[in-house]
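Engineer: Chain by chain, the residues run as shown.
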Amino acid sequence: MNMLEKFPIMQYISEEGEAVNSEITDMLTADLLKLFYEKMLRARMMDKKCVNLQRQGRIGTYVPYEGQEAAQVGSALAVEEGDWMFPTYRDHAATMTFGHSLRNLLLYWVGRIEGGIPPEGKNIFPPAVPIASQLLHATGVAWAEKKKNTDRVSLVYFGDGATSEGDFHEGLNFASVFKVPVVFFNQNNGYAISVPMEKQMNSKTIAQKGLGYEIPSIRIDGNDIAAVYLETKKAVERARNGEGPTLIEAVTWRYGAHTTADDPSKYRDQAEIDNRRKTTDPLSRLEKYMKNEGIWDEEWLTNTENKITNEINTALDEMQKYPEANIDDVFENVFEKLTWTLEEQREQHRKIKRGQMS
Amino acid sequence: MTTAIQVKKLTMVQAVTDALRTMLEEDESVIVLGQDVGKNGGVFRATEGLFAQFGEERVIDTPLAESGIIGTSIGLSINGFRPIAEMQFLGFIYPAFNQLMTHATRMRQRTMGRYTVPMVIRAPYGAGVKAPEIHSDSVEALFTQIPGLKVVIPSNAYDAKGLLIASIEDPDPVLFLEPMRSYRSLRTEVPEEKYTVELGKASYQKKGNDVTLLTWGAMVPDTMKAVEHFEKQQNATCEVIDLRTLYPLDKETIQESVEKTGRAVIVHEAPATGGVNGEIISVINDSAFFYLKAPIQKVTGFDTPVPVYSLEKEYLPSSEKIIHAINKALSY
Numbered sequence: 001m002n003m004l005e006k007f008p009i010m011q012y013i014s015e016e017g018e019a020v021n022s023e024i025t026d027m028l029t030a031d032l033l034k035l036f037y038e039k040m041l042r043a044r045m046m047d048k049k050c051v052n053l054q055r056q057g058r059i060g061t062y063v064p065y066e067g068q069e070a071a072q073v074g075s076a077l078a079v080e081e082g083d084w085m086f087p088t089y090r091d092h093a094a095t096m097t098f099g100h101s102l103r104n105l106l107l108y109w110v111g112r113i114e115g116g117i118p119p120e121g122k123n124i125f126p127p128a129v130p131i132a133s134q135l136l137h138a139t140g141v142a143w144a145e146k147k148k149n150t151d152r153v154s155l156v157y158f159g160d161g162a163t164s165e166g167d168f169h170e171g172l173n174f175a176s177v178f179k180v181p182v183v184f185f186n187q188n189n190g191y192a193i194s195v196p197m198e199k200q201m202n203s204k205t206i207a208q209k210g211l212g213y214e215i216p217s218i219r220i221d222g223n224d225i226a227a228v229y230l231e232t233k234k235a236v237e238r239a240r241n242g243e244g245p246t247l248i249e250a251v252t253w254r255y256g257a258h259t260t261a262d263d264p265s266k267y268r269d270q271a272e273i274d275n276r277r278k279t280t281d282p283l284s285r286l287e288k289y290m291k292n293e294g295i296w297d298e299e300w301l302t303n304t305e306n307k308i309t310n311e312i313n314t315a316l317d318e319m320q321k322y323p324e325a326n327i328d329d330v331f332e333n334v335f336e337k338l339t340w341t342l343e344e345q346r347e348q349h350r351k352i353k354r355g356q357m358s
Numbered sequence: 001m002t003t004a005i006q007v008k009k010l011t012m013v014q015a016v017t018d019a020l021r022t023m024l025e026e027d028e029s030v031i032v033l034g035q036d037v038g039k040n041g042g043v044f045r046a047t048e049g050l051f052a053q054f055g056e057e058r059v060i061d062t063p064l065a066e067s068g069i070i071g072t073s074i075g076l077s078i079n080g081f082r083p084i085a086e087m088q089f090l091g092f093i094y095p096a097f098n099q100l101m102t103h104a105t106r107m108r109q110r111t112m113g114r115y116t117v118p119m120v121i122r123a124p125y126g127a128g129v130k131a132p133e134i135h136s137d138s139v140e141a142l143f144t145q146i147p148g149l150k151v152v153i154p155s156n157a158y159d160a161k162g163l164l165i166a167s168i169e170d171p172d173p174v175l176f177l178e179p180m181r182s183y184r185s186l187r188t189e190v191p192e193e194k195y196t197v198e199l200g201k202a203s204y205q206k207k208g209n210d211v212t213l214l215t216w217g218a219m220v221p222d223t224m225k226a227v228e229h230f231e232k233q234q235n236a237t238c239e240v241i242d243l244r245t246l247y248p249l250d251k252e253t254i255q256e257s258v259e260k261t262g263r264a265v266i267v268h269e270a271p272a273t274g275g276v277n278g279e280i281i282s283v284i285n286d287s288a289f290f291y292l293k294a295p296i297q298k299v300t301g302f303d304t305p306v307p308v309y310s311l312e313k314e315y316l317p318s319s320e321k322i323i324h325a326i327n328k329a330l331s332y
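Respectively, the protein sequence lines represent chains P and W. Residues 1 to 358, numbered by UniProt numbering, are exactly what the first sequence covers, in order. Residues 1 to 332, numbered by UniProt numbering, are exactly what the second sequence covers, in order.
Think of the hints as simulated: they come from the structure by calculation, not from any bench.
Result set (DSS-like, lysine-lysine): computed pairs, CA atoms no more than 30 Å apart in a straight line:
| hint | chain 1 | residue 1 | chain 2 | residue 2 |
| --- | --- | --- | --- | --- |
| 1 | P | K337 | W | K194 |
| 2 | P | K233 | P | K278 |
| 3 | P | K122 | P | K307 |
| 4 | W | K251 | W | K207 |
| 5 | W | K293 | W | K321 |
| 6 | W | K194 | P | K147 |
| 7 | W | K201 | P | K351 |
| 8 | P | K307 | P | K49 |
| 9 | W | K206 | W | K194 |
| 10 | W | K313 | W | K328 |
| 11 | P | K233 | P | K288 |
| 12 | W | K260 | W | K321 |
| 13 | P | K353 | W | K251 |
| 14 | W | K293 | W | K225 |
| 15 | W | K39 | P | K148 |
| 16 | P | K288 | P | K307 |
| 17 | P | K122 | P | K148 |
| 18 | W | K251 | P | K337 |
| 19 | P | K122 | P | K49 |
| 20 | P | K307 | P | K34 |
| 21 | P | K353 | P | K337 |
| 22 | W | K201 | W | K328 |
| 23 | W | K201 | P | K337 |
| 24 | P | K179 | P | K233 |
| 25 | W | K251 | P | K351 |
| 26 | P | K34 | P | K49 |
| 27 | W | K39 | W | K8 |
| 28 | W | K39 | P | K147 |
| 29 | P | K148 | W | K194 |
| 30 | W | K8 | W | K201 |
| 31 | P | K179 | W | K39 |
| 32 | W | K130 | W | K225 |
Note that this is a predicted model, so its numbers are computed, not measured.
Let the sequences and hints guide you as you build the complete structure.
Structural biologist: In structure tokens form, the structure reads like this:
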């Protein structure tokens, strides 16, 4: 069986900004399209700001996602308040769309514990750093929702490299066996740091990996926000209705490095970036479509850009004015109550800091 | 007027079941999950009868995947449940080490208490039951160094029930290790009602004046036997302490006893290097150094993998080795 044929890349808006299936895209209202664009623009401006801040030495090593905005924003808009989100370190476009605080996201990149904490009422896990480990948390959390008879679901992000990890397979298997309301959202950006997909796996698609677990799986154009949003929404509804997990492979590409400490020119042709920006960029595709539909509005764009700039600057200001990090937070959050070893270590640390050790 | 406390004589594995049943009855959020824990009642029968009593929603047979069991338990515990996950043997926990090390024990700190992981991981462990290879590992020290994890080991039925209930009620992750050699070796009186044994507290198995023996798990009865033998022949008395919790150690009890006796022998079946013996020596060093009359002795397994069972008796601390260490401490 040819997997590329079995799992064709689904697309609703073409690279040229044309409706591939106007029956479907006509369901997207002008307001929703504007929301898509605004959230993607907000994510891109935040990402660019962070890359610049890192270059200026104002934040630490940063993980950029530019190019993957449609995949993250489209999927994040498909879940609702009360649902759960499980990001990796590259998914802050998704978490900020789902309601994470920009200040806290910035705090994360200056090495603050607070960076991992979502605002009250937002169910967002801190970013998973060990690869694929979060699929099991998403499955466990969604399993708990099912046991509580709610209609809440988990949406979990992971990359192409993650599908080589055992936890990917254990997560899919548990979710399938217990018919858990979880959406496995894969962003296949072609590279796990430097290793390209064809060296990562012999399979031609990631979607086909769901077959082994009898999980409905689809492959979508991850740079087409209409496809991402509508297909994720379907998967979320399936989960809500008790029909179990879905695996979505969103094919995309990251323009930037793996992290700001990485040099991608060592492992891929950087001319590809210019080509991709011209041909498959998620924002320009939506812009073309909106122009074709006659709902593009330059004044709206300017206002939106100004609004986002203010929001980001405010968040940056709040991050910079945030109270200094306090080592007590480290001691106090290991257990609910400090053990005697922690008490002793904290006390000794304090005394030496105060110069009171004899 | 006093109410008579109902007691029954139970083996340790029955006491484990009793604790699980007690908590499943009391708290709707408690669930038991693992390989073969449902219909089969666990390979050691530790969950016998629970599936029939509480059903498959609360006593759950999972796929054979240790990382999956602990990883999903993290999600379940953050979202309102108190999972008790069984590892079939401690020697099989290694695929789940990442979930334990990077998530279960860090979530409280990473979110400053927003998300917490009140889960218990139960695992039979230790040598001496002629089990196939890998089944007999005693690697408690791999876990005592993980910040955010408590490590608890009962040596008898009474403690098993009380410590397990305390572990289930603990707001943070607890690794609960069950010495399989002691599962059925003796019965002790166990109250039918709910009770707890405080985590982090050691217990005196026997009072004495001349040397302190510090041990846990299946080494507790072995140490008691060696001490009994020793005291018949020598004019000295031993104090035997079952540490019961390996993180956090009971510093007060260790200090109190060593200050009195001035001599200490640590007995554990795990390999010597990096074993919990080193941490106990450090506690004594910090708290009772000037009371010491002799170097601290240790009797441990070798720095070898636990051998296959034809050789496990030679690997495990024997009465001869324990008595030799006591004599060495006394004759210094």
